[in-house]
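K.L.:
Quick note, the sequences are listed as chains V and X, same order. Under my numbering, the first residue of the first sequence carries the number 1, and numbering increases by one thereafter. Under my numbering, the first residue of the second sequence carries the number 327, and numbering increases by one thereafter.
FYI, nobody ran anything at the bench for these hints, they're computed from the structure. The reader is advised that the hints may include incorrect statements.
Now the stretches of chain X that chain V is said to cover, found in silico as 3 or more residues with beta-carbon under 8 Å [said to hold, decoys possible]: (1) 391-397; (2) 405-416.
Here are some of the chain V residues that sit facing chain X, going by a computed Cβ distance under 7 Å [stated by the list, open to error]: (3) Ser-54; (4) Gln-60; (5) Cys-63; (6) Ser-67; (7) Leu-68; (8) Phe-74; (9) Leu-106; (10) Ala-110; (11) Ala-113; (12) Ala-114; (13) Ala-117; (14) Val-190; (15) Gly-193.
Label-pair distances were calculated between CB atoms; the ranges are [stated by the list, open to error]: (16) Glu-342(X) to Asp-22(V): 46 to 54 Å; (17) Thr-305(V) to Val-416(X): 24 to 32 Å; (18) Val-40(V) to Glu-342(X): 56 to 64 Å.
Every residue, glycine too, gets a C-beta built ideally from N, C-alpha and C.
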Amino acid sequence: MKRTGARAEPKSALELSGEALDLLCAAPRGALLAYYAGAVPFVLGALFFWADMSHGAGAQDRCFAESLLLAALFAWMKFWQAVFAGSLMRHLTRAPSPPWTAARALRVMARQAAVHAYGLVAIPAALLITFPFGAVYAYYQNLTAAGDEGTDGRAATSGRAWRLALLWPRQNHLLIWLLSPWLLAAGMAVAFGAVAIVTASLPATETAGGMLRVLLAVGLASQAIVPLSPVGSVVAGNVAALLVLLPAVLHRLLGIETSFAVAGWRSILNTTFLATVYAISYLILDPVLKAAYVIRGFYGDSQRTGQDLLLALDEERGGNAQRRKA
Amino acid sequence: MSNLSQERCFNHPDREAAARCPECRRCFCRECVTEHEERVICAACLARIGLPAGRAGATREKLRLALRCAAAFLFLWLLFYAMGRGLLRVPSAFHEGALWKPATQEAP
Numbered sequence: 001m002k003r004t005g006a007r008a009e010p011k012s013a014l015e016l017s018g019e020a021l022d023l024l025c026a027a028p029r030g031a032l033l034a035y036y037a038g039a040v041p042f043v044l045g046a047l048f049f050w051a052d053m054s055h056g057a058g059a060q061d062r063c064f065a066e067s068l069l070l071a072a073l074f075a076w077m078k079f080w081q082a083v084f085a086g087s088l089m090r091h092l093t094r095a096p097s098p099p100w101t102a103a104r105a106l107r108v109m110a111r112q113a114a115v116h117a118y119g120l121v122a123i124p125a126a127l128l129i130t131f132p133f134g135a136v137y138a139y140y141q142n143l144t145a146a147g148d149e150g151t152d153g154r155a156a157t158s159g160r161a162w163r164l165a166l167l168w169p170r171q172n173h174l175l176i177w178l179l180s181p182w183l184l185a186a187g188m189a190v191a192f193g194a195v196a197i198v199t200a201s202l203p204a205t206e207t208a209g210g211m212l213r214v215l216l217a218v219g220l221a222s223q224a225i226v227p228l229s230p231v232g233s234v235v236a237g238n239v240a241a242l243l244v245l246l247p248a249v250l251h252r253l254l255g256i257e258t259s260f261a262v263a264g265w266r267s268i269l270n271t272t273f274l275a276t277v278y279a280i281s282y283l284i285l286d287p288v289l290k291a292a293y294v295i296r297g298f299y300g301d302s303q304r305t306g307q308d309l310l311l312a313l314d315e316e317r318g319g320n321a322q323r324r325k326a
Numbered sequence: 327m328s329n330l331s332q333e334r335c336f337n338h339p340d341r342e343a344a345a346r347c348p349e350c351r352r353c354f355c356r357e358c359v360t361e362h363e364e365r366v367i368c369a370a371c372l373a374r375i376g377l378p379a380g381r382a383g384a385t386r387e388k389l390r391l392a393l394r395c396a397a398a399f400l401f402l403w404l405l406f407y408a409m410g411r412g413l414l415r416v417p418s419a420f421h422e423g424a425l426w427k428p429a430t431q432e433a434p
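Let the hints inform the model, and build the full structure from the sequences given.
P.N.:
Listed below in structure tokens is the structure:
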């Protein structure tokens, strides 16, 4: 690794993304299971909430209770994301896992919920202002990546997260550009708005011509997502294609008639479809992004502790010992 | 302020000072200071400010965390409630894709 000073960029964002994928593959299966144990219930809850609030009859009466349930699911997700990040960090540093107790679980859940609740406002606000977005986004990712130990004080954890957020800004911004689900959300909102405006402004015509224009507008709008979130747009495009084609394939090959196949194009021209595409893309992108921030935190801390060099030395010693044995 | 190189350790007068504690302003040798929250601080000050005082301090710390957690949870609840109310206000024609109907509907 090239080291020219404390502020040197040790890895490019692409290299870091590759390392994140390697880490996810090498980490114990339990780590990814922990992530999805938290994220899937929240995503399903959020989709149900979205669909119910946008279509459900009498949704007004249920809004209070459902938002309470969603808040609980969010805290649950943040807890499991911290467990996931902690597991990845321990795999990276080869540290032993401390035993889980009810007190430790409660402490981690309380700490994660206490900081991440405000992130739901701080991150979109920073995205609107634009320039502090990178640092604010990285700060919240670093708080998750601080993991599930829960032994450091609040000020120490927060200070570390902020120090790492300001470290290597170019790498941080490129990483967000490559993998962040928030930029994908912004791109999809822009695309959805563009399609809505284009199609609403056109006069009504026969089905084929109208659909052609809608498809043209969708195609043009999707071009707007690519510069905002290149990897995210590929993932979302694949997810959307799968969701569109799967009911048709089921109908053609197995004769299974789903409500999506009956509805045809209508089933994709609604906000719930868009939210579903985003939710599945989030579940694919977010673990990779979190793993990348765990590695970034590890390298950032290693600048002070030299832990990356110590681990490399350990590896070298282990290799030498094995060669001698052979 | 006196030059640190001329100072002696507060605990070990025979040793040269290596750092000045930002809390008590006394000088200490390498052995008597430690890093805490990105500051080099002496052991006595660390014990005073770094660790909660006994069981009462630990209970106070837990109570503070519980209050912060409850406040954050309430904030989350209100945020999701506001989002739900916002979604309810959006016309269902927007959600259900009726926005596209003028462009895609069949000609009579």
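K.L.:
If a hint holds in the structure, say so; if it does not, say that too.
P.N.:
Status of each hint after checking the structure:
no. : hint                                 : in the structure
1   : 391-397                              : holds (count 5)
2   : 405-416                              : holds (count 9)
3   : Ser-54                               : holds (4 Å)
4   : Gln-60                               : holds (6 Å)
5   : Cys-63                               : holds (4 Å)
6   : Ser-67                               : holds (4 Å)
7   : Leu-68                               : holds (5 Å)
8   : Phe-74                               : holds (6 Å)
9   : Leu-106                              : violated (9 Å)
10  : Ala-110                              : holds (4 Å)
11  : Ala-113                              : holds (5 Å)
12  : Ala-114                              : holds (4 Å)
13  : Ala-117                              : holds (4 Å)
14  : Val-190                              : violated (16 Å)
15  : Gly-193                              : violated (11 Å)
16  : Glu-342(X) to Asp-22(V): 46 to 54 Å  : holds (48 Å)
17  : Thr-305(V) to Val-416(X): 24 to 32 Å : violated (51 Å)
18  : Val-40(V) to Glu-342(X): 56 to 64 Å  : holds (60 Å)
Of the numbered hints listed earlier, those contradicted by the structure are 9, 14, 15 and 17.
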